[in-house]
Amino acid sequence: AQKITQTQPGMFVQEKEAVTLDCTYDTSDQSYGLFWYKQPSSGEMIFLIYQGSYDEQNATEGRYSLNFQKARKSANLVISASQLGDSAMYFCAMGTSGTYKYIFGTGTRLKVLA
Amino acid sequence: GAVVSQHPSWVICKSGTSVKIECRSLDFQATTMFWYRQFPKQSLMLMATSNEGSKATYEQGVEKDKFLINHASLTLSTLTVTSAHPEDSSFYICSARAGAPVDTQYFGPGTRLTVL
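Line order of the protein sequences matches chains R and Z. Note that the working numbering has the first sequence beginning at 1, numbered continuously upward. Note that the working numbering has the second sequence beginning at 1, numbered continuously upward.
It cannot be assumed that every hint is accurate.
[What the hints assert, rightly or not] Straight-line distance between alpha carbons at most 16 Å, and here's what the computed EDC-like set of lysine to aspartate or glutamate pairs gives:
#1 LYS101(R) to GLU59(Z)
#2 LYS3(R) to ASP26(R)
#3 LYS41(Z) to GLU44(R)
It is worth saying that the hints were derived from the structure and are not from the lab.
One chain only, chain R, in its complex shape (with noise of 0.2 Å):
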């Protein structure tokens, strides 16, 4: 069975320090995507980084990075500089090829502090 887990419910960060969000995935697949979304508390789902799993580079997207490590099924999240209007609910999500059904983590709550 398919499974995403983040270990943690909330984390706090100095602003302009960096921050890593943990994942771990679980799946028998070959080809999978890992995804992160924020979710700001207007609701919406703003999506932030992609990593397939054919991909031997970790992706990175402005201050996003993702620490892809495959061995491990990790996915981990780092963003750098942090702002505060980073502060959010923070989501990690598994798809797999084909159905393009995602499952997502239980989400990460990041305070960023002044």
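With chain R held as given, fit chain Z onto it using these hints.
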């Protein structure tokens, strides 16, 4: 690119009435859309997969007669909550699969439904 809208953003209705929520892909065509439900402080729960021109595929435990989904065009999917009851109160979010800029799901802003 890949903008998804949802309407209404919030709705309050009386128990027993039906409510329709629209999900539109504004700048791309989406053959596949998804409907999720989210309870406070919880993760997203997939309700159904909506494919243009065919019947929706519902997840286990989701009542298809309760939550009617229509995907009549490549840019519009609708979710109708029929005979709504207070336990149907929730945050409903749709998403649409877009091939670009990244092949992923892009989400609408969500609809908060409150049934009195």
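Evaluation of the provided hints:
Between LYS101(R) and GLU59(Z) the CA atoms are separated by roughly 11 Å; this keeps the pair inside 16 Å, and the hint holds. Among the hinted pairs, LYS3(R) with ASP26(R) is consistent with the structure: their alpha-carbon atoms are about 5 Å apart, no more than 16 Å. Note on LYS41(Z) and GLU44(R): the hinted pairing holds, with a Cα-Cα distance of about 14 Å set against a maximum of 16 Å.
Going down the numbered hints, you'll see the structure goes against none, and every one checks out.
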